[in-house]
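Enquirer: Just so you know, the protein sequences line up as chains A and B, in that order.
All the letters of the first sequence, read from the start, carry residue numbers 1 to 188 under our numbering.
All the letters of the second sequence, read from the start, carry residue numbers 1 to 224 under our numbering.
It is worth saying that the hints were derived from the structure and are not from the lab.
Be aware that a few hints might be false.
[Stated by the list, open to error] In silico DMTMM-like links for lysine to aspartate or glutamate, alpha-carbon gap of 25 Å or less: (1) A/Lys57 <-> B/Glu170; (2) A/Lys35 <-> B/Glu40; (3) A/Lys35 <-> B/Glu170; (4) A/Lys163 <-> B/Asp143; (5) B/Lys55 <-> A/Glu188; (6) A/Lys35 <-> B/Glu90; (7) A/Lys35 <-> B/Glu166; (8) B/Lys66 <-> A/Glu83; (9) A/Lys35 <-> B/Asp72; (10) A/Lys35 <-> B/Glu155; (11) A/Lys35 <-> B/Asp143; (12) B/Lys159 <-> A/Asp120; (13) B/Lys55 <-> A/Glu58; (14) A/Lys35 <-> A/Glu170; (15) A/Lys35 <-> B/Asp74; (16) B/Lys66 <-> A/Glu170; (17) B/Lys102 <-> A/Glu170; (18) B/Lys159 <-> A/Glu83; (19) A/Lys35 <-> B/Asp116; (20) B/Lys159 <-> A/Glu58; (21) A/Lys91 <-> B/Asp116; (22) A/Lys35 <-> B/Asp25; (23) A/Lys35 <-> B/Asp153; (24) A/Lys91 <-> B/Asp153; (25) A/Lys35 <-> B/Glu139; (26) A/Lys35 <-> B/Glu44; (27) B/Lys55 <-> A/Glu79; (28) A/Lys35 <-> B/Glu121; (29) B/Lys55 <-> A/Glu170; (30) B/Lys159 <-> A/Asp81; (31) B/Lys55 <-> A/Glu133; (32) A/Lys91 <-> B/Glu90; (33) A/Lys35 <-> B/Asp164; (34) B/Lys159 <-> A/Glu188; (35) A/Lys163 <-> B/Glu155; (36) A/Lys126 <-> B/Asp61.
Residues per chain, in single letters:
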Amino acid sequence: MLGKIKMKIVVASLMAALITLMSQATLAYYSTVGKATNVVTSGNIQFIIHEMTDQGKEFPKEGVYIVPGSRVSKRVSIENDCEHPFYLRVKMVYGVDAQELSAEDCFKLEIDETYWELHDGWYYYKGIVNPGETTPNVFSHVEIVGSKVDNSYIGKTLTLTVKAQAVQSENNPITDGITYTASGWPAE
Amino acid sequence: MKKIITLLTVLVLVLSSVLPVYAADGKVTYSGNAGNFVFEPGSEHSLTDLFPNFKGIMPGDTLTQKITVKNDADNKVKVKIYIRSLGAHEDSVEFLSQLGLKVSKSEENEMAYMFDAAANETAQLTDWVCLGTLYSGGEVNLDVTLNVPTSLDNEFQNKIGYLDWEFMIEEFPIEEGDPKPPQTGDNSNMGLWFALMISSLAMLIVLLVWRKKDKEDEESAVKR
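Bound conformation, chain A alone (with noise of 0.2 Å):
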């Protein structure tokens, strides 16, 4: 008689326990979080000027002497340092110890107008320069004028300072091919 009832006891038990478990794997959800950090990086725009010389050396930083009348090997080319294609232009800045001079005052460039056109005091490149790639030569000797270089420049310092400014050419549409036309140029 006992024997039948711890029976039913532990029967009871049993079915106690299967209808907790079952209702809790009904009922029973999990829940978590996860962080995504998601990040956006903007591009910019590189380029190095190359200063050399005929025999394919850099330009000394520390310059040359001359007289009036030198011709002064100097081959000035920019090239693209970053992934982005740009539209370019130079200007060259003349100066006499640390003052600014007209371009006529004493040096004679010879400008590759093939791929250099003159528009507002700069030369722009006529195309886009890719990543990687050089331009030719904005030109390649420098000339002083020996008509216009006389005593008083003696032991003084002359300047050629080449400026050079990039804009994108991506999203950036010029007008029958004219790169000064390109929007975004940077004010002086």
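With chain A held as given, fit chain B onto it using these hints.
Expert: Relative to the frame of chain A, chain B by itself:
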């Protein structure tokens, strides 16, 4: 030689036209049992970066990013997946506020954006938005579009913007009436193949024993 070169050229051309071009997609995978999400592909800036296409952006760009959210949990559960934006990190607000961001579910009308605001904001994704209920193997695709204005100034060159999104799942057991999960795995009768293997082995052993016995009989006959 000429023929070989021609053949190789044709082969290269055919292969190059056949091989698919893979776009870089973002992927969010939930593996089940309240485990972690896996975010891919990540980047050098963040291991959980879902925006591989939004790198080196330039003024005027309009870029798109597909993100696949997948339930990889087993067949016994279904999950509800939610998304919300926590917005830009503090030092990224100025940069990301210049950019426009749109998010929509691929299968819906592309104009029905669940998010359409400046990239630094949380806007319509401030609170949890349910992406749907996914059964095992189910997925939902998000289309993210980034608009970079042409007026983006030079001061924003080489910037990095961080934008946090959170994903949440609620996991439920499959109930009666739910669609049957897709069949996965091998359907062949393994018992049958096993029985076949055992009987083949037994047959092989019997044959070897018979052969040995025959050889012994022949040898004893020669001795006599």
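Enquirer: Each hint should be assessed against the structure and marked as holding or not.
Expert: Against the structure, the hints come out as follows:
Restraint check: the Cα-Cα separation between A/Lys57 and B/Glu170 comes to about 68 Å, which exceeds 25 Å; the hinted pair is violated. For the hint pairing A/Lys35 with B/Glu40, the CA-to-CA distance comes to about 12 Å; that is within 25 Å, so the pair holds. About 15 Å separates the Cα atoms of A/Lys35 and B/Glu170, which keeps this hinted pair within 25 Å; it holds. A C-alpha spacing of about 44 Å is found between A/Lys163 and B/Asp143, which places the hinted pair above 25 Å, so the restraint is violated.
Only pairs whose Cα atoms come within 25 Å are accepted, and B/Lys55 paired with A/Glu188 is rejected, the gap being roughly 29 Å. A C-alpha spacing of about 17 Å is found between A/Lys35 and B/Glu90, which places the hinted pair at or below 25 Å, so the restraint holds. Between the alpha carbons of A/Lys35 and B/Glu166 the distance comes to roughly 4 Å, so the proposed pair stays at or under 25 Å and holds. With a C-alpha separation of about 23 Å, the suggested pair B/Lys66 and A/Glu83 falls inside the 25 Å cut-off, and the hint holds.
A hinted pair counts as satisfied when its Cα atoms are at most 25 Å apart, and A/Lys35 with B/Asp72 qualifies at roughly 18 Å. Distance restraint check for A/Lys35 and B/Glu155: the Cα-Cα separation of roughly 30 Å exceeds the 25 Å cut-off, and the hinted pair is therefore not satisfied. Taking the CA atoms of A/Lys35 and B/Asp143, the gap is near 19 Å; set against the 25 Å cutoff, the hint holds. Taking the CA atoms of B/Lys159 and A/Asp120, the gap is about 32 Å. The hint is violated against a cut of 25 Å.
With a CA separation close to 35 Å, the supplied pair B/Lys55 and A/Glu58 exceeds the 25 Å bound. At most 25 Å may separate the alpha-carbon atoms for a hinted pair to count; A/Lys35 and A/Glu170 exceed this at roughly 34 Å. For the given pair, A/Lys35 sits about 22 Å from B/Asp74 by alpha-carbon distance, which is consistent with the 25 Å threshold. Only pairs whose Cα atoms come within 25 Å are accepted, and B/Lys66 paired with A/Glu170 is accepted, the gap being roughly 23 Å.
Restraint check for B/Lys102 and A/Glu170: the C-alpha separation of about 22 Å stays at or below 25 Å, so the hint holds. Distance hint between B/Lys159 and A/Glu83 is fulfilled; the C-alpha atoms sit about 15 Å from each other, no more than 25 Å. For the hint linking A/Lys35 to B/Asp116, the alpha-carbon distance of about 21 Å falls within 25 Å, and the restraint holds. Between the alpha carbons of B/Lys159 and A/Glu58 the distance comes to roughly 33 Å, so the proposed pair goes past 25 Å and is violated.
As the CA atoms of A/Lys91 and B/Asp116 are separated by approximately 44 Å, the hinted pair breaks the 25 Å bound. Under the criterion of a C-alpha separation no larger than 25 Å, the hint pairing A/Lys35 with B/Asp25 is consistent with the structure, at around 18 Å. Pair hint A/Lys35 plus B/Asp153 does not hold up; C-alpha atoms about 31 Å apart against a cutoff of 25 Å. With a CA separation close to 23 Å, the supplied pair A/Lys91 and B/Asp153 stays within the 25 Å bound.
Distance hint between A/Lys35 and B/Glu139 is fulfilled; the C-alpha atoms sit about 18 Å from each other, no more than 25 Å. Straight-line distance between C-alpha atoms of A/Lys35 and B/Glu44 comes to about 17 Å, which keeps the hinted pair within the 25 Å bound. Annotation: proposed proximity of B/Lys55 to A/Glu79 holds, straight-line Cα distance about 23 Å (limit 25 Å). Distance check on the hinted pair: A/Lys35 and B/Glu121 sit about 16 Å apart at the alpha-carbon level, within 25 Å; holds.
For the hint pairing B/Lys55 with A/Glu170, the CA-to-CA distance comes to about 15 Å; that is within 25 Å, so the pair holds. In summary, the hint linking B/Lys159 to A/Asp81 is supported, as the alpha carbons are separated by about 18 Å, within the 25 Å threshold. Under the criterion of a C-alpha separation no larger than 25 Å, the hint pairing B/Lys55 with A/Glu133 is consistent with the structure, at around 22 Å. Distance restraint check for A/Lys91 and B/Glu90: the Cα-Cα separation of roughly 40 Å exceeds the 25 Å cut-off, and the hinted pair is therefore not satisfied.
Distance check on the hinted pair: A/Lys35 and B/Asp164 sit about 7 Å apart at the alpha-carbon level, within 25 Å; holds. Restraint check for B/Lys159 and A/Glu188: the C-alpha separation of about 24 Å stays at or below 25 Å, so the hint holds. Restraint check for A/Lys163 and B/Glu155: satisfied, since their Cα atoms lie roughly 20 Å apart, inside the 25 Å limit. Taking the CA atoms of A/Lys126 and B/Asp61, the gap is near 24 Å; set against the 25 Å cutoff, the hint holds.
Hint check: violations occur at hints 1, 4, 5, 10, 12, 13, 14, 20, 21, 23 and 32; the rest are consistent with the structure.
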